[in-house]
Amino acid sequence: MGHAVGDVLGLAAGVAVSPLPIVAIILLLATPRGRLNGSLFACGWLLGLALLGASMLAVGGSGGASAKKHPAAWVGVLKLVLGVLLALFAVRQWRRRPADAAQARLPKWMSALDRLTPLKALGLGLLLSAANAKNAPLTLAAGASISSAGIPVPQQIGTLVVFVVIASLGVLAPPAVFLAMGERAQGVLGTWRDRAVRHNAAVMAALFFVLGLKLLGDGIGILAS
Numbered sequence: 177m178g179h180a181v182g183d184v185l186g187l188a189a190g191v192a193v194s195p196l197p198i199v200a201i202i203l204l205l206a207t208p209r210g211r212l213n214g215s216l217f218a219c220g221w222l223l224g225l226a227l228l229g230a231s232m233l234a235v236g237g238s239g240g241a242s243a244k245k246h247p248a249a250w251v252g253v254l255k256l257v258l259g260v261l262l263a264l265f266a267v268r269q270w271r272r273r274p275a276d277a278a279q280a281r282l283p284k285w286m287s288a289l290d291r292l293t294p295l296k297a298l299g300l301g302l303l304l305s306a307a308n309a310k311n312a313p314l315t316l317a318a319g320a321s322i323s324s325a326g327i328p329v330p331q332q333i334g335t336l337v338v339f340v341v342i343a344s345l346g347v348l349a350p351p352a353v354f355l356a357m358g359e360r361a362q363g364v365l366g367t368w369r370d371r372a373v374r375h376n377a378a379v380m381a382a383l384f385f386v387l388g389l390k391l392l393g394d395g396i397g398i399l400a401s
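Quick note on our numbering: the sequence shown kicks off at 177 and runs consecutively.
Just so you know, the hints here were simulated from the structure itself, not pulled from any lab data.
Just so we're clear, the structure is a prediction, and the values are computed from it rather than from any experiment.
Worth double-checking, as some hints may not be accurate.
As the list claims (entries may be wrong) - Distance ranges between label pairs, derived from CB positions:
#1 T367 <-> V260: 15 to 25 Å
#2 L303 <-> A234: 19 to 29 Å
#3 S401 <-> D370: 38 to 48 Å
#4 G393 <-> G178: 38 to 48 Å
#5 V329 <-> D370: 37 to 47 Å
#6 G182 <-> V364: 43 to 53 Å
Glycine included, every Cβ here is placed at the ideal spot set by N, Cα and C.
Model the full structure from these sequences, guided by the hints.
This is how it looks when you write it as structure tokens:
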């Protein structure tokens, strides 16, 4: 299990660094129903990652590892495909970055966050975790890595829990600061929000590229072994 956890730590860190979801929960916390909607958004985020990772475990089962305890060939193919997708997303994100980071703007849908119902806040967290162009491939790759580790199902579930918790640190940090600091948190969270907005495109492009190369290398290594 320790080896499996080590395999997914980098992927979890890549999911945790998600500027726009972090901005979204910061904005939610500043709304009249911020405590409730922020909590539900975080729950939706956790649920989305858990469901996506669990679906990968269900597909792979214990067949993710060969008889010699090496990952099965399909795991290598999956990681190759996901690595190529992330590399392509990196190029797309880099080309779309603003020439001046100070001119970066929030997506239009964020202007409606103050009008979200609790159910929609839950759904938004679910969507931004499970249907995100970066997070979905990384979570699927983590699920494939866990499945290919050749460990019993309870340990697979435990490893997935570790992945989900670490992958959620970025989104869980603003509510923690909000609860601990109260009104004083607004200044801290405002600084986080502004930095995340300004550097979102560059950060995402770099993450896409680095993590895409990692998955490509993993896939090639599996298929070549």
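query: Hint by hint, which ones does this structure get wrong, listed from lowest number up?
result: 1, 4 and 6
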